[in-house]
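A.B. asks: Residue numbers (my numbering): 1 to 715.
No wet-lab data here; the hints were simulated from the structure.
No residue lacks a Cβ here, since even glycine has one placed at the ideal position from N, Cα and C.
Mixed in with the good hints, there may be bad ones.
[To be verified] Taking lysine to any residue pairs in the SDA-like style, the calculated list, with each CA pair at most 25 Å apart, reads:
id, residue 1, residue 2
1, K561, R582
2, K204, K229
3, K417, V387
4, K127, R582
5, K229, G149
6, K307, I328
[Claimed, not checked] Simulated restraints, written as ranges between beta carbons of each label pair:
id, residue 1, residue 2, range
7, D51, S253, 55 to 63 Å
8, I328, E207, 43 to 51 Å
9, M200, N230, 24 to 32 Å
10, I328, N282, 29 to 37 Å
11, A173, S253, 54 to 62 Å
12, V364, E519, 30 to 38 Å
13, I328, H54, 31 to 39 Å
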Amino acid sequence: MSEEHTADVDVSAKKLTSWSNEPTLLDLKQDLTEAASSHSSQTTKITEWLDNLHVRGKALANAPKGNSQIVPRLIRKQAEWRYASLSEPFLSAEDLFDVKPVTWEDRESARQNKIVINNQFNTVIDKVAFIDEYVRAAVDEGTAIVRVGWEFEEEEYEKQVPEVYFHVDPSQAPLMEELARMKEENATGWQFDVPEELKMAFEKFEEQGIPFRAEIIGMRTETTMRTVKNNPTLELCHHDDVIFDPTCMGDLSKANFVIHRFPSSLSDLEKDGRYTNLNKINHENADILGEPDNGPDNQSSFNFVDKPRKKFIVHEYWGYWDIDGSGIVQPIVASWVGNTLIRLEENPFPDKKPPFVTANYLPVRRSLYGEPDGALLEDNQKIIGAVTRGMIDILGKSANGQTGMRKDMLDTTNKRKWEQGKDYEFNANVDPRQGVFMHTFPEIPQSAQYMLQAQNMEAESLTGVKAFNNGITGDSLGQTATGTRGALDAASKRELGILRRLAQGVVQLGRKIIAMNQEFLSEEEVIRITNDEFVKVRRDDLRGHFDLRLTISTAEENEAKAQELAFMLQTIGPDEDPQVRRMILADIMRLRKMPDLAKKVESYQPQPDPMQQQIQQLELEKLQAEIDKLKSETQENLAQAGEKSAKADNISADTDKKSLDFVEQESGVTQARELERVGEQARSQATLKAMDHNFEREQTRKEALRAYVEKGAQE
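Start from the sequences, fold in the hints, and give me the full structure.
C.D. replies: Right, here's the structure in full:
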């Protein structure tokens, strides 16, 4: 075993975790060694493409001394046309992401996720710089590799905290209600504008339900921590610094490991706080230039001498390992410097996958890497370069502007006069028109110009990029409108296909960031949306099933949508709701990149004309008066109808009574009823007379008895 491998085994003998089956540094380095061959092959291809793009290395002309060395930048010219057309769809929209819920229950979570991730891209991440670098890496190298991370930093500080005594005070109840409303609707105002003692009183109110009045009785100094940084990070990696598992067959989700190497220093690692064994790093041998497989971006002769700032290469291993000996691999992350293992733990990210995303410019089957336009245009650039150098040599080697003269045409005296611009005499046997010859540039052969034109046309047909080298005219795109539209449609479809692949990469980045937001965001993040609207986002509310979509489109697609909406606007009748017109107008303005005007149109509320408003008011009063009149007439008609109905009922009742009397008279009922009445009256009179007789008799008896009693008393 070599000395280096022995050192690896010795260093890795000390366990950094409690795993029963912890991988050694030799095991991790073995994957790096096995993947080096395929990685080196791909790096060679990309280096060649970049040399052709920047005209360096093997792309330089190998012409003899004295000949033209120029190399036309055909690949660079095509790439320059690609950069803006691919980056503008990402940057033209104010919000890069549009989050749609899968179910209605996740609507609020999707809305809050959209607010959080768009705010992070607009304020924390330099969206313009990232998208430009992302697009340029894909166009130049064929593949963009992005590493997603999370940055967290907090600091210790001292603050003055009031010592508060609380008095029960029912009069504080309205204030507590106002504080509750403010905490719910204006989180930023609650956090920064409300005094600390009122916050403490409100907390007691929430706990006990009793309003308190806070009285400050003193101040004390308290040491606490506050968060300085808590946000995601995006790093566009150099192609030579990321080594993928060569057995994944073009699917990154199936890769068993991804190794990322990056420069760092002892100070940076100490500040990070996740690394151990830093005192065992061999700082004498740890140097960027000492790494034979270090990427070209890190090849620099400069390095710091002092130990804290001296740069060295850190290898970061993201993969899977059977950490418990169960036969099932678990996601892990490991880091080492030279022969020292400085980090070993389980994958800390919530999706448990390597934090890398790739996007291809032109996909290659069963490969994680794509191809740029330079892979298609290499031969065209070489041919154009050879023809151009030949044309330049034809012109450059000619004696343009020089004048030749026959020796026997002028003598010495007259030649001096000719050189001074004076009149001179020439020999009679020589014609000056034949004795003096003016050299000019030779004509460039038509075949050379035809070859240049043919190569440029082939390059444009290969990439779909119209460089407008013949000017922006109709003939340069086609002789007919149909041909022109077909050419533009083909180029747009090709560009849209590239854009979709780049957009899919950004969507994957968004999914990883949303997953990290759910895990790493603080409990309450207050995000300011506008000057008067605040949304308080809780980490629990960020969870939910949702679709993440990207709001991107090409200029051609936006123009087509705008024309369709304009046609719809023309077909709307005059009686249609004006709000519908404003909605369509706002969409057209957004497609035409006028978001401010679209917002004004949406929020516009037309002010009514005072005269027209008064006319409408008078018409309304007129209608109201007519309605009141109709109601009054209706009530009067109803009263008259009731009176007529009552009279009719009386007449009907009299008629019925007379009819009944006639029937009773004819049938004898009336006579029988009269006899019964008379008999009953006679019986009543007889009963009354009998009662009177009995009363008189009883009265006589009582008087007789009284007289008898009085007589007996006298005796």
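A.B. asks: Is the hinted pair K561 and R582 satisfied, with a Cα-Cα distance of at most 25 Å?
C.D. replies: OK: K561 and R582 at ~16 Å, within 25 Å.
A.B. asks: For the pair supplied as a hint, K229 and G149, is the alpha-carbon distance within the 25 Å limit?
C.D. replies: Given pair K229, G149 holds - Cα atoms ~13 Å apart, limit 25 Å.
A.B. asks: For the hint 24 to 32 Å, verify it against the beta carbon of M200 and that of N230.
C.D. replies: About 26 Å separates the Cβ atoms of M200 and N230, which means 24 to 32 Å holds.
A.B. asks: Verify the CB-CB distance for D51 and S253 against the hinted window 55 to 63 Å.
C.D. replies: violated (33 Å)
A.B. asks: Going straight from one Cα to the other, do K127 and R582 come out at no more than 25 Å?
C.D. replies: Answer violated: K127 to R582 is near 31 Å, above 25 Å.
A.B. asks: With respect to the beta-carbon atoms only, verify the hint that I328 and N282 lie 29 to 37 Å apart.
C.D. replies: holds (36 Å)
A.B. asks: Does K229 sit within 25 Å of K204, going by the straight-line distance between their CA atoms?
C.D. replies: violated (31 Å)
A.B. asks: Lying within 31 to 39 Å: is that true of the beta-carbon distance I328 to H54?
C.D. replies: violated (48 Å)
A.B. asks: Take the C-alpha atoms of K417 and V387, compute the straight-line distance between them, and say whether it is at most 25 Å.
C.D. replies: violated (45 Å)
A.B. asks: Would the hint linking K307 and I328 be met if the CA-CA limit is 25 Å?
C.D. replies: The given pair, whose Cα atoms are some 41 Å apart, is violated under the 25 Å limit.
A.B. asks: Quick one: are I328 and E207 within 43 to 51 Å, going by C-beta?
C.D. replies: With Cβ atoms ~47 Å apart, the hint holds.
A.B. asks: Evaluate the given range 54 to 62 Å for the C-beta pair formed by A173 and S253.
C.D. replies: Given about 58 Å between the Cβ atoms, the range holds.
In summary, the structure is inconsistent with hints 2, 3, 4, 6, 7 and 13 from the numbered list given earlier, while agreeing with the others.
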